Amino acid sequence: TNAKGYKTVSEALAAALEMDGPGLLADILSDVREKLAVGPKNVDLTIASIGMAPDKFTDKGSASVTADVLRKLAGEPFGDEPKYGTAYKFFNGGQRGHDACVGLYSLTAIGSIDTMISNFLTSLQSLADDQSRVHCALNLNTETGRLSSRRPNLQNQPALEKDKYKIRKAFEACPGNNLIVADYGQLELRLLASMTRCQSMISAFKEGGDFHSRTAIGMFDYIQEKVDSGEILFEWDYANGAPPKPLVKDEYASERRKAKTLNFSIAYGKTAHGLSQDWGVSKTEAEEMLQAWYNSRPEVRDWQAKVKQYARKNGITRTLMGRYRQLPGATGKDRKLIGMAERASINTPIQGGAADVAMMAMLKINNSEKLKRLGWILLMQIHDEVILEGPEETSVEAFDEVITCMQEPWVYGLEETSVPLLVDGSYIHKNWFDAK
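Heads up, the sequence shown is in UniProt numbering, so the first residue is 1 and it goes up one at a time.
A couple of the hints might just be wrong.
[As the list claims (entries may be wrong)] Here are the simulated lysine to any residue pairs, SDA-like style, with alpha carbons at most 20 Å apart:
no.	residue 1	residue 2
1	Lys72	Asp278
2	Lys260	Lys306
3	Lys162	Met195
4	Lys308	Gly280
5	Lys260	Lys308
6	Lys226	Lys206
7	Lys258	Gln224
8	Lys336	Lys430
9	Lys72	Phe91
10	Lys308	Arg335
11	Lys308	Ser148
12	Lys370	Gln407
13	Lys83	Met116
14	Lys313	Lys336
15	Lys430	Ile110
16	Lys245	Lys270
17	Lys56	Thr108
18	Lys306	Lys258
19	Lys164	Ala109
20	Lys164	Ala67
21	Lys169	Gly185
22	Lys260	Asp250
23	Lys164	Tyr222
24	Lys270	Lys164
25	Lys260	Met219
26	Lys308	Thr284
27	Lys370	Ser426
28	Lys260	Lys313
29	Lys72	Pro82
Derived by calculation from the structure, the hints in this document are not laboratory data.
Computed from a predicted structure; not experimentally measured.
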């Protein structure tokens with residue numbers, strides 16, 4: 001029992017989840033909806049047979065016209081430097097090829113707008129209270145141990161880079177208040193390093209710098225050569241002004257994306273087959289990349305083998321705080337079910353461990369007497385991110401306290417990790433969009 005009188009973590013979390021604070025404002029949704037509604041009331045477009053051989057089919061054998069297929073056909077036909085899809089060449093390029101790509105691209109845009117209206121604008125407006133606030137319910141019942149959100153689901157709001165209609169601007173603080181938005185950086189990979197006691201990963205995180213760029217340097221010899229020769233820089237402190245030479249993350253953005261995919265694929269237990277589909281390469285090439293990654297981080301491979309063995313023997317896997325997930329498929333004889341269970345046995349300790357960290361941080365924030373004295377209220381937790389609202393004049397002091405709570409969430413038996421937890425955020429903004 002802690003000072004608050006809670007006997008279990010679940011009791012403490014339940015109390016924290018009863019956040020009946022001011023909710024999240026939703027004032028500008030009508031304006032956004034009106035902008036989306038400009039134009040024809042009904043748009044009816046049809047893809048007739050144009051003679052191109054389909055490269056993807058439905059289960060019933062028909063040519064697939066899903067969004068990913070249309071995007072491949074259309075490319076990105078807008079902007080100063082259009083990147084046309086496969087339809088451009090089929091229509092012999094020029095204006096005809098451009099028009100074909102624009103038409104196909106518009107089909108995907110229409111679907112995106114329809115989704116935006118039905119999933120976000122209309123539903124949020126209907127759920128707002130008489131103060132234009134939206135209140136959701138948070139639940140503890142996900143398979144991986146993360147919190148989920150419903151009525152409405154505020155965790156599935158458009159990601160910042162996809163929020164072209166600025167839906168997140170609707171979530172704003174009251175006059176005189178600011179929002180604090182803070183989240184963990186590369187939390188799952190840091191937990192993977194700590195759980196596996198992987199020395200190369202631990203050293204990399206302690207040294208700092210962009211972990212995915214570091215991985216890319218190890219994956220591609222030509223990047224390593226450029227860094228060694230001084231032609232490009234691994235990292236740069238922008239406090240010293242603009243970098244004098246290109247950075248790895250900018251010069252080799254494509255390779256860094258591959259490295260990022262690989263890093264998270266390892267954490268999530270993805271196989272060479274799944275990785276080959278993500279990258280569009282052969283299974284052999286994906287397998288070589290995986291093996292190269294593991295060869296420089298053998299502790300991760302050994303840990304995964306032990307976790308799989310434990311799951312096969314006991315039919316469960318555990319998070320950092322000992323919460324367990326049942327994996328009945330691991331003890332059976334169906335190879336497909338065993339494979340799925342083994343991947344879950346690797347993934348759950350990482351994702352569930354991240355949830356342990358995030359929820360313990362949330363408890364520290366919710367119980368902080370300093371934040372209460374400064375007038376700040378916890379509004380929402382979204383995976384690795386927390387959102388608080390409070391007086392503008394105490395923003396700096398409150399932000400420092402939030403960062404401390406998140407970097408040191410060692411309560412209710414959660415043991416300190418062997419790598420520091422990185423937290424970033426902002427405290428000067430009025431709405432969720434600007435704060436990110």
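If you test the structure against every hint from before, which numbers come out violated? Checked against the structure, the hints that fail are numbers 2, 3, 4, 5, 6, 8, 11, 13, 15, 16, 18, 21, 23, 24, 26, 28, while the rest are satisfied.
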